[in-house]
Amino acid sequence: MKAIQRAFQRLYDVFALIGVAVVGLMLAVICADVVLRNLTNIGIEQSSEIAEYCLYVIALMTAPWLLSQSQHIRIDALVAAVPYPVAWVMEFIADLIGLGVCSTLVWYGAKVTLASQAGHSLVIKSMIFPEWWLFAPLPLAMFLTAVEFLFRAIRLITGERRAGATTANIA
Amino acid sequence: MSYGAALLLLLGGASAMLALSAPVGAAFLAINIIGALQFLGGDAGLSQLVRNMVASVANFTLTPIPLFLAMGEILFHTGVAFRAIEAVERLIQKVPGRLSVVAIVAGTVFSAISGSTIATTALLGTLLLPEMLKRGYEPKMAMGPIIAIGGVDMLIPPSALTVLLGSLASISVSDLLIAGTAPGLVMSVIFVAYILIRAALNPKLAPSDEFVPVHGWERFRPFIIYVVPLVTIFIVVIGSMTAGWATPTESAALGTAATMLVCLAYRSLTWAQLIKSLRGTVAISGAIFFIIIGATTFAQILTFSGATSGVLEWVIGLNLSASALIIGMMVILLILGCFIDQVSMMLITLPFFMPMVHKLGIDEIWFGVLFLICMQFGLLTPPFGLLLFTMKGVAPPHITFNQVAASAMPYLGLGTLVLILVYLWPPFVTWLPAAMGK
Chain A
1 MKAIQRAFQR LYDVFALIGV AVVGLMLAVI CADVVLRNLT NIGIEQSSEI
51 AEYCLYVIAL MTAPWLLSQS QHIRIDALVA AVPYPVAWVM EFIADLIGLG
101 VCSTLVWYGA KVTLASQAGH SLVIKSMIFP EWWLFAPLPL AMFLTAVEFL
151 FRAIRLITGE RRAGATTANI A
Chain B
1 MSYGAALLLL LGGASAMLAL SAPVGAAFLA INIIGALQFL GGDAGLSQLV
51 RNMVASVANF TLTPIPLFLA MGEILFHTGV AFRAIEAVER LIQKVPGRLS
101 VVAIVAGTVF SAISGSTIAT TALLGTLLLP EMLKRGYEPK MAMGPIIAIG
151 GVDMLIPPSA LTVLLGSLAS ISVSDLLIAG TAPGLVMSVI FVAYILIRAA
201 LNPKLAPSDE FVPVHGWERF RPFIIYVVPL VTIFIVVIGS MTAGWATPTE
251 SAALGTAATM LVCLAYRSLT WAQLIKSLRG TVAISGAIFF IIIGATTFAQ
301 ILTFSGATSG VLEWVIGLNL SASALIIGMM VILLILGCFI DQVSMMLITL
351 PFFMPMVHKL GIDEIWFGVL FLICMQFGLL TPPFGLLLFT MKGVAPPHIT
401 FNQVAASAMP YLGLGTLVLI LVYLWPPFVT WLPAAMGK
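In order, the protein sequences belong to chains A and B.
For the first sequence, our numbering gives the first residue as 1, with consecutive numbering after it.
For the second sequence, our numbering gives the first residue as 1, with consecutive numbering after it.
With the rest of the complex left out, here is chain A:
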């Protein structure tokens, strides 16, 4: 089991690095567009759309990685205040909810992707491409996130993870 978890962790790390590369790409494309547009009146027409897809890729690529690092935002006020056995049960239920949510989204993500492919739907904005390309990463990312929720629940059962540990937050 540990070998499988390590293998998945390596995969998440690769996804996180892709996220890093995507931020770099987004930065380069927008800057190039602004500079070219103001200097030559000819910008990169697709820059906004590329940036939008970059955000989507960042959100999906980082989801399982952040979960494995316990860096997703969560409100752990109550779980930190209750006795440990109660906290354990709460966290276990939370992991099961996450597993259920992600599994549902894998199913419906795949369904929407396949339906879009069968219908030959296109995205027609500044770029034109098959719509299913846009949906396809979602079931994959949700599958990996579901797997990580499962690993978290297992780590809780085996005692490798303590319930109520503080997690990251944002501002």
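Check each hint, because a few of them may be wrong.
Claimed, not checked - Take a look, some chain B residues computed to stay more than 10 Å from chain A by CB distance:
no. : residue
1   : L8
2   : M17
3   : P203
4   : R219
5   : F220
6   : A246
7   : T281
8   : L318
9   : S321
10  : M330
11  : P355
As the list claims (entries may be wrong) - Stretch by stretch, here's where chain A covers chain B in the computed footprint (C-beta under 8 Å, at least three residues):
no. : stretch
12  : 65-72
13  : 341-350
14  : 405-411
Hints are computed from structural coordinates only; laboratory data are not their basis.
Note that CB positions come from ideal geometry on N, CA and C, so glycine has one too.
Based on these hints, arrange chain B on the given structure of chain A.
The following block gives chain B in isolation, referenced to the frame of chain A:
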């Protein structure tokens, strides 16, 4: 289903899952799935949920979030920000509570080039706090200014959370960013005045240090070398936006590029530091985006279920004045801020608040700034103020959480004065965006 029952199912369910400590994004998605089954036609609703997930985050107005965060991360990891703070320290001499004043001034400068409140607090806490404690500063006098100015970072552009608020509430992001500047700067000035008065009245709070005054060029040289060039980052962000060369979204990319160029000019940016900075950026951005993925559909389901219009009609039926409603909304935000994070606050309240704002014809920019200030207080209020935890993380082990929380209290009081000022005098925040838009 009545709107009350829908509200109980959707908000009650979300609250229960959040209380269980499920990741906020997963909790909202879970409620979205239940809501889609109940209110959006089951199977079709779930397919729509998937489509919404893509559309919610593939949104150009959200682009500044990772870019503003990257600016703070790069300045932090390259050490350029540390040198800037040391330069500010050399500039400010012979004032009561000198290092506390340095914290406010340096924090204000850093706020103008970083979009992350955590980065500002962690940076100042790491650099200044040990020195202040070593020189005998009373812990509250040492920590309070750092935590307070970290919160102000949210008001002074660039600010990732302001972009998010503008995007989620459909308020002009550029106007909101500019509108936050005046209250942010006024807070800084009030904080400095407070420190000067407190330290002058009770010198034991901040003993005059053994700082050897530096005169002439040597005093100003580090400031000119390490701070003035950083101002170009702020000028690039605001200047490109107001000159019409770039949209607010694009100006964030130019600001990040300018930050990298400045750090390169200092020969401080290595490949490893860049990757580390972008990794930190991706982590925070990814966590925010995962929540946003659930946000759009949650608001949509609230509307479809009739909960939003039901609440709206109920509130309108109370015949309260617009002023009373705004005060009520602020009280709700202040209470929520004690317990939940800023992104969740926006997700829970905006679907109800914004229709009221539109219905009552309230100025969106003014309301947005009031919202921002209330969220800023949430960073400083116990038991779960994020910046209190950030400070506790960088403070020496003997400093207790209670001491950290107590140190922020006077600044919360001073911030409340600014909140009242904004509430009573809307042009205080609306004139600058209006003037720059002409």
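Assertion that B/R219 lies farther than 10 Å from chain A (Cβ): holds, 35 Å
Cβ separation check - B/F220 to all of chain A, threshold 10 Å: holds, 33 Å
Outcome, coverage of the stretch 65-72 of chain B by chain A - at least 3 residues whose beta-carbon is closer than 8 Å to one in that chain: holds (count 3)
Least C-beta distance between B/P355 and chain A, which was stated to exceed 10 Å: About 25 Å separates B/P355 from the closest Cβ of chain A, which puts it past 10 Å; holds.
Chain A versus B/L8 - minimum CB to CB distance exceeding 10 Å, so not interface: holds, 18 Å
Non-interface claim for B/L318, where every Cβ of chain A lies beyond 10 Å: holds, 30 Å
Given as non-interface: B/M330, which should sit over 10 Å from chain A by C-beta: holds, 19 Å
Interface exclusion of B/M17 relative to chain A, criterion Cβ beyond 10 Å: Its Cβ does come within 10 Å of chain A, the nearest being 6 Å, so this is violated.
B/P203 remote from chain A - nearest C-beta pair above 10 Å: holds, 34 Å
Distal placement of B/A246 relative to chain A, Cβ over 10 Å: Since the minimum Cβ distance to chain A is about 5 Å, B/A246 lies within 10 Å and the statement is violated.
Assertion that B/S321 lies outside the chain A interface [Cβ separation over 10 Å]: holds, 32 Å
Whether B/T281 stays farther than 10 Å from all C-beta atoms of chain A, as the label says: Non-interface label fails for B/T281: nearest chain A Cβ at 6 Å, not farther than 10 Å.
Comparing the model with each numbered hint stated earlier shows that hints 2, 6, 7, 14 do not hold.
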